[in-house]
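There are 2 protein chains.
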Amino acid sequence: MKQTIILDMMAADKGAPELVEGVKLFLARNPGEYRLVAVGKQEELQGLKGIAEIIDARDVVPMEAGARDVLRMKESSMMKAIELYETLKADAMISCGGTGAYLSAATLKLKLIPGVERAALIVPMPNAIGKITNVLDIGASNENSAEHLVQFAEMGRLFNQAVYGNKVPRVYVMANGTEDKKGSPESKKALEMLKAMNFPGLQGNIEGRESLSGIADVIVTDGFTGNVYLKTTEGVFKIMSNEIKKIFKRNLFSMIGYLFAKKGVKLMQHRWDYRTTGGSMLLGLNGVIVKAHGSSDRVAFSYAMEVGKKLAEANIVDTMKKGFANATSATTSGSTPTSTT
Amino acid sequence: MKQTIILDMMAADKGAPELVEGVKLFLARNPGEYRLVAVGKQEELQGLKGIAEIIDARDVVPMEAGARDVLRMKESSMMKAIELYETLKADAMISCGGTGAYLSAATLKLKLIPGVERAALIVPMPNAIGKITNVLDIGASNENSAEHLVQFAEMGRLFNQAVYGNKVPRVYVMANGTEDKKGSPESKKALEMLKAMNFPGLQGNIEGRESLSGIADVIVTDGFTGNVYLKTTEGVFKIMSNEIKKIFKRNLFSMIGYLFAKKGVKLMQHRWDYRTTGGSMLLGLNGVIVKAHGSSDRVAFSYAMEVGKKLAEANIVDTMKKGFANATSATTSGSTPTSTT
Chain A
1 MKQTIILDMM
11 AADKGAPELV
21 EGVKLFLARN
31 PGEYRLVAVG
41 KQEELQGLKG
51 IAEIIDARDV
61 VPMEAGARDV
71 LRMKESSMMK
81 AIELYETLKA
91 DAMISCGGTG
101 AYLSAATLKL
111 KLIPGVERAA
121 LIVPMPNAIG
131 KITNVLDIGA
141 SNENSAEHLV
151 QFAEMGRLFN
161 QAVYGNKVPR
171 VYVMANGTED
181 KKGSPESKKA
191 LEMLKAMNFP
201 GLQGNIEGRE
211 SLSGIADVIV
221 TDGFTGNVYL
231 KTTEGVFKIM
241 SNEIKKIFKR
251 NLFSMIGYLF
261 AKKGVKLMQH
271 RWDYRTTGGS
281 MLLGLNGVIV
291 KAHGSSDRVA
301 FSYAMEVGKK
311 LAEANIVDTM
321 KKGFANATSA
331 TTSGSTPTST
341 T
Chain B
1001 MKQTIILDMM
1011 AADKGAPELV
1021 EGVKLFLARN
1031 PGEYRLVAVG
1041 KQEELQGLKG
1051 IAEIIDARDV
1061 VPMEAGARDV
1071 LRMKESSMMK
1081 AIELYETLKA
1091 DAMISCGGTG
1101 AYLSAATLKL
1111 KLIPGVERAA
1121 LIVPMPNAIG
1131 KITNVLDIGA
1141 SNENSAEHLV
1151 QFAEMGRLFN
1161 QAVYGNKVPR
1171 VYVMANGTED
1181 KKGSPESKKA
1191 LEMLKAMNFP
1201 GLQGNIEGRE
1211 SLSGIADVIV
1221 TDGFTGNVYL
1231 KTTEGVFKIM
1241 SNEIKKIFKR
1251 NLFSMIGYLF
1261 AKKGVKLMQH
1271 RWDYRTTGGS
1281 MLLGLNGVIV
1291 KAHGSSDRVA
1301 FSYAMEVGKK
1311 LAEANIVDTM
1321 KKGFANATSA
1331 TTSGSTPTST
1341 T
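Those protein sequences? They're chains A and B, same order as listed.
For the first sequence, counting from 1, position 195 maps to 195 in my numbering; every step adds exactly one.
For my numbering, count along the second sequence from 1 and bump the result up by 1000.
These are calculated hints, taken from the structure and not from any lab test.
Computed from a predicted model, the values in this text were never measured in an experiment.
Any given hint might turn out to be false.
Claimed, not checked - With a Cα cut of at most 30 Å, we get these calculated DSSO-like pairs of lysine-lysine:
no. : chain 1 : residue 1 : chain 2 : residue 2
1   : A       : Lys131    : B       : Lys1002
2   : B       : Lys1310   : B       : Lys1111
3   : B       : Lys1238   : A       : Lys181
4   : A       : Lys266    : B       : Lys1245
5   : B       : Lys1049   : B       : Lys1109
6   : A       : Lys189    : B       : Lys1188
Construct the complete structure from the given sequences, taking the supplied hints into account.
Structure, rendered in structure tokens:
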């Protein structure tokens, strides 16, 4: 079936023409028929002629815009794109816009899946064995109950199955120790609940230290801790990258050393930049709502589109709906819907 | 005045003889008169003859011991050391033992400073400008109220003044965004309270991304988030160290490159290992209770002793007592005691 994908082409740091190249990369890697609808300043989207329908939108939602700001910006590419998602019954949407605004606008327009109490932002983190560890929530909420965490576990599991093809994703709860008795009051209770419902693939608690070692496919945490976690990995990574540069600048010999190691350094920096691993996604909404990083280049944007495509193929929204419909809340039902993949 | 320092010489991964060398390093760097009391298996402490009083203790508290375990182990070096701290009215104590056991035993024996509701574990993190950022709590509690966070700010401020000599330490609250409205419910309320009391040096919220950039002297967070934070930096650092090794193993040329860069790599790895930056400390107790890392080598142990010495010199316990005595709780008093340094 032909997928309809809505593209908010604005708000990327590198500008719309860079994203235009991303769309072409996506098509080169994913042959097939798509209905692509690109929203943004039409003069910047001319490169998509013959590839996508171009919908003109004159406003751009600023990165730091709040919930109220975005809802007022009816002429913005983000709001127009979300409205098109609804009216065209589209399969996926991708935007580089600010998280807060995107979350608010999408939740208001598309609504939460019945039974889901909170949307969650899930991110693909590169790990030490060259695969992906999904972490959620990394900032849709700033506090979460144990029940939310249990719902995140289910959403994360289905996401990981659909996008990365793991049949039984290994799911962990982030905590301050690996023993079951460790954790915040909410994380401890969530682990107990997950155990009681025999949650598939549940491994127990995980510490920050092991989080990217490759043992975990999905890590569940509250939005506050998850956001601190994500930004801390980013900060330490950045510092280490600078330290590596310093190593090579120590003296003439180390500079010569750099000539030999340069390629490896660049490869490493690219591989560990989670911004290049595709989009994150707002889970729990009636829609495939992919968030590409504001600093996305063409490659990152093309992978964000690919995430959207895979999630639509996997019918992730329907799968989640079925799972969460079996009970007033998945947290009390013990329901463990299987993915359609 | 001659300081009395109690040393729990057991429980270090590298063994007591390594710590014996650490004591000698400390003395070489810090000339002066001390009463040193070393507790542990006497046959392993012979190197301290003529330097320290040796108190035999046959048991070692295991790293993973809980609160109840340690209190039963009356013949352990840790319990004996804490008792000696009390009976000798010592100035500082250092142990490499497990955090949970150490915290429980020290709190039970020495009690919290009146007005302090929770002890906090503070850690010195190396930052990008080659200085130290103190983070607390990194795991004494697994949840904290806004009032706790405000008390941590005051304890962290006094600690940073005393150990690192910053007159007005720049204090931040860890959050999921830099704006005042960002944060967990507790961290937001704590920031409000700190602002209302004109807390000296208060800078506002900080994200994980900037936490080690060097802008912060003290970062306050709850024990759960702080523990995830600390272990995440450790995990990412470890992964990056391995990645650097991989870069150099790519081919013959990069291996040659390593010969030129080796020294810089080792220097960097050492500098960024927070275990080598001295001890963390249990703040809020009636005592200078320094926690050296279980993996401490002689250098790390010598710096942990130095932290103890500096805190005792600064009369940090008295300073905290005065501050917290001015009100039923520092959180409602707005009291901002000045350090004696």
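Against the structure, the hints:
Note on Lys131(A) and Lys1002(B): the hinted pairing is violated, with a Cα-Cα distance of about 57 Å set against a maximum of 30 Å. Between Lys1310(B) and Lys1111(B) the alpha-carbon distance is near 21 Å, which keeps this suggested pair within the 30 Å criterion. For the hint linking Lys1238(B) to Lys181(A), the alpha-carbon distance of about 26 Å falls within 30 Å, and the restraint holds. Distance hint between Lys266(A) and Lys1245(B) is fulfilled; the C-alpha atoms sit about 14 Å from each other, no more than 30 Å.
For the given pair, Lys1049(B) sits about 29 Å from Lys1109(B) by alpha-carbon distance, which is consistent with the 30 Å threshold. Taking the CA atoms of Lys189(A) and Lys1188(B), the gap is near 24 Å; set against the 30 Å cutoff, the hint holds.
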